[in-house]
Amino acid sequence: MGIPSYTLLPHEATCQSPHDGSIATALERSEEGHPAMKIVVCVKYVPDATADRTFNSDNTVDRTGVDGVLSELDEYAVEEALKIRDAGDDCEIVVLTVGPDVARSAILKSLQMGADAGVHVLDDAIHGSDAVGTSLVLAKAIERQQADLVVCGMASTDGSMSVVPAMVAERLGLPQVTFGSQVTVDGTTVRVRRDGDAATETIEGTLPLLLSVTDQANEPRYPSFKGIMAAKKKPVDVLSLSDLGVAAGDVGADAAWTKVQQSQQRPARSAGTIVTDEDGTGAAKLVEFLAGQKFV
Amino acid sequence: MSEILVLVDHTDGVIRKTTAELLTFARRLGEPAAVFVGAGIDSARDALRQYGAEKIYVLDDPELSDYLVVPKAEALAQLVEQAQPAAVLIPSHAEGKEIAGRVAIKASSGLITDAVDIEAGDNGPITTQSVFAGSYTVTATVTHGTPIITVKPNSVTPEAVDAAATEDHFNPVISESAKTAKIVDRSPREATGRPELTEAAIVVSGGRGTGGKFEPVEDFADSLGAAVGASRAAVDSGWYPHAFQIGQTGKTVSPQLYIATGISGAIQHRAGMQTSKTIVAVNKDDEAPIFELVDFGVVGDLHAVLPRAAAQVRARKG
Ligand SMILES: Cc1cc2nc3c(=O)[nH]c(=O)nc-3n(C[C@H](O)[C@H](O)[C@H](O)COP(=O)(O)OP(=O)(O)OC[C@H]3O[C@@H](n4cnc5c(N)ncnc54)[C@H](O)[C@@H]3O)c2cc1C
Numbered sequence: 001m002g003i004p005s006y007t008l009l010p011h012e013a014t015c016q017s018p019h020d021g022s023i024a025t026a027l028e029r030s031e032e033g034h035p036a037m038k039i040v041v042c043v044k045y046v047p048d049a050t051a052d053r054t055f056n057s058d059n060t061v062d063r064t065g066v067d068g069v070l071s072e073l074d075e076y077a078v079e080e081a082l083k084i085r086d087a088g089d090d091c092e093i094v095v096l097t098v099g100p101d102v103a104r105s106a107i108l109k110s111l112q113m114g115a116d117a118g119v120h121v122l123d124d125a126i127h128g129s130d131a132v133g134t135s136l137v138l139a140k141a142i143e144r145q146q147a148d149l150v151v152c153g154m155a156s157t158d159g160s161m162s163v164v165p166a167m168v169a170e171r172l173g174l175p176q177v178t179f180g181s182q183v184t185v186d187g188t189t190v191r192v193r194r195d196g197d198a199a200t201e202t203i204e205g206t207l208p209l210l211l212s213v214t215d216q217a218n219e220p221r222y223p224s225f226k227g228i229m230a231a232k233k234k235p236v237d238v239l240s241l242s243d244l245g246v247a248a249g250d251v252g253a254d255a256a257w258t259k260v261q262q263s264q265q266r267p268a269r270s271a272g273t274i275v276t277d278e279d280g281t282g283a284a285k286l287v288e289f290l291a292g293q294k295f296v
Numbered sequence: 001m002s003e004i005l006v007l008v009d010h011t012d013g014v015i016r017k018t019t020a021e022l023l024t025f026a027r028r029l030g031e032p033a034a035v036f037v038g039a040g041i042d043s044a045r046d047a048l049r050q051y052g053a054e055k056i057y058v059l060d061d062p063e064l065s066d067y068l069v070v071p072k073a074e075a076l077a078q079l080v081e082q083a084q085p086a087a088v089l090i091p092s093h094a095e096g097k098e099i100a101g102r103v104a105i106k107a108s109s110g111l112i113t114d115a116v117d118i119e120a121g122d123n124g125p126i127t128t129q130s131v132f133a134g135s136y137t138v139t140a141t142v143t144h145g146t147p148i149i150t151v152k153p154n155s156v157t158p159e160a161v162d163a164a165a166t167e168d169h170f171n172p173v174i175s176e177s178a179k180t181a182k183i184v185d186r187s188p189r190e191a192t193g194r195p196e197l198t199e200a201a202i203v204v205s206g207g208r209g210t211g212g213k214f215e216p217v218e219d220f221a222d223s224l225g226a227a228v229g230a231s232r233a234a235v236d237s238g239w240y241p242h243a244f245q246i247g248q249t250g251k252t253v254s255p256q257l258y259i260a261t262g263i264s265g266a267i268q269h270r271a272g273m274q275t276s277k278t279i280v281a282v283n284k285d286d287e288a289p290i291f292e293l294v295d296f297g298v299v300g301d302l303h304a305v306l307p308r309a310a311a312q313v314r315a316r317k318g
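So the sequence lines, in the order shown, correspond to chains A and B. First residue of the first sequence? That's 1 in the numbering used here, and the numbers climb one at a time after it. First residue of the second sequence? That's 1 in the numbering used here, and the numbers climb one at a time after it.
Just to be clear, a hint being listed does not mean it is correct.
[Said to hold, decoys possible] Partial list, derived from the structure: chain B residues whose beta carbon lies under 8 Å from chain A:
id, residue
1, R45
2, T113
3, A140
4, P188
[Unchecked claim] Reference listing, derived: stretches of chain B covered by chain A, where coverage requires no fewer than 3 residues with Cβ under 8 Å from a Cβ of chain A:
id, region
5, 33 to 40
6, 60 to 73
7, 249 to 262
8, 287 to 294
To be clear, the hints were calculated from the coordinates, so they are not data collected in a lab. Note that the structure is predicted; figures quoted are calculated from it, not measured. In this text, a Cβ means the ideal position worked out from N, Cα and C, and glycines have one as well.
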């Protein structure tokens, strides 16, 4: 099977590279009286991880039946952006989400934490999109913002794909520095420490770029009362696919490049044997079990 | 028969077990072709042949290793274009998934991540994934382009098949913009002498219940030849390095045997171990949620149970 060439598919709709000048540089913006740096934080509304999560009959994730929250891991992304601003960088923080009506609560929470403005891409046609479709919508929305820095969480707490940031960066022609457990921004240089499997690495990149942070990077703040009040007045732009110039046929379940064939609840594990170590025999029984299973 | 590209995971030519696993899956789908990026092919050749690589694409441009993700993605996409494989298999670690995400966009191809099984189907590979902290199993196919699939470690037992391992040097064209995120410093972690956490057949992990004393956990692990893991509570307390954290924001493990000691079994921890074949727990609280998962559980103090168990394992092993 080769790579068929199609027209009007998300790949062809790839956003322009910021390196070709389509995105204003920080300097140009500050000369126009705008903040020197624009940070876009991608956040996701997800079903609460502690609730029972299910699939709809069309094999998409049921995002309505359970209470939703701002993906916990995205709070670290919002916090990292706030830290950069707190460190004195003149910047504007826009939080971006793609999702149904209720997803607005993810934006609201971010605004309460201190972000400046929100963008909510809301369109029924997006339902059922896979990472390819989602990344197209995000990339188009980020392109409009002319971001210098895009910040993401390390994974979503539901789909756990971890690939959307890489796809967004690819579409925008941006380098990516991901899984940062410690981040410093110095002018246009971003330095990140990451704890890999075999080594601790320091990565250096130059803006514009896409950054993702782990739950080790910071401690997300709780919204203050002042923050909660202020959030009510902050602007949230609600955009449709046509506002972004994305064709409805390029997203949603029908445009997905993957298809779920079956989703099946795993049978509950059959109840195991539990012994109590009251008389000090717990260890012997444990080793007996391990030997019976041929682990010893 | 079409080629199935397998991105080789190695350190200076020493291939990791996941590579043998991916080659084993590749053989179910077509003709396995290993893609070896970086230095050290001389050390890797025999292992790749032994696990069934009919072909080895060698990409030894040093620039591919100094920069993050993007050059490798460019190279792999160019190879996909040239070799026209029927699928591309990539290890499911952080870098693997990022490479996969970029290649999928470059090659206009569907991507499936974290597969735990792959079978050949009439319309291309059928993958199995485990989602929602292991509570659902999902089968999926790629419907567009070349299936790009990332595969979790320990998903299949590697099968040894002697293959041709014909070598083919491939020189990709790396763009300047691919070189903007550079690895400027690298300090390798001290070797523990234990098996690699995500590849180990047995994992023994410790949580808050260790009270900071990991020696009994490590010693029991050593008696079994196991890797050692930790809960986030133990990592956050500074008792064990983050690289050994198991769970949603740490490593996902799927060993033959997982032994949780002094760990309550929070959903975020389960997300990283729930697909283990056999699960054992030692916890002093008989109501700890971890006991809902276990095949065998001991209600007791780990500081008493583990040293005795380690001694008895050693006695049995002679
Ligand atoms: C966004 C997010 C991501 C997270 N990611 C992860 C993750 O990747 N991995 C992870 O593990 N957690 C993660 N967590 C944290 C998770 O929610 C739990 O807090 C954590 O797993 C608890 O660790 P624990 O079981 O060691 O500690 P506890 O929940 O405090 O449990 C300790 C257990 O030890 C038992 N115990 C105490 N003393 C003894 C003794 N002497 N002998 C035997 N048993 C004893 C107790 O009965 C108790 O059950 C995450 C949380 C969030 C919010």
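Do the hints match the structure? See the list:
1. R45: Cβ of R45/B sits 22 Å from chain A, so the hint is violated.
2. T113: 6 Å, holds
3. A140: A140/B check passes; min Cβ-Cβ to chain A is 5 Å, inside 8 Å.
4. P188: Holds. Min distance 4 Å.
5. 33 to 40: n = 0 at 8 Å, threshold three: violated.
6. 60 to 73: Coverage by chain A holds for the region 60 to 73 of chain B (4 residues, Cβ < 8 Å).
7. 249 to 262: holds (count 3)
8. 287 to 294: Contact hint for the region 287 to 294 of chain B vs chain A: holds, 4 residues under 8 Å.
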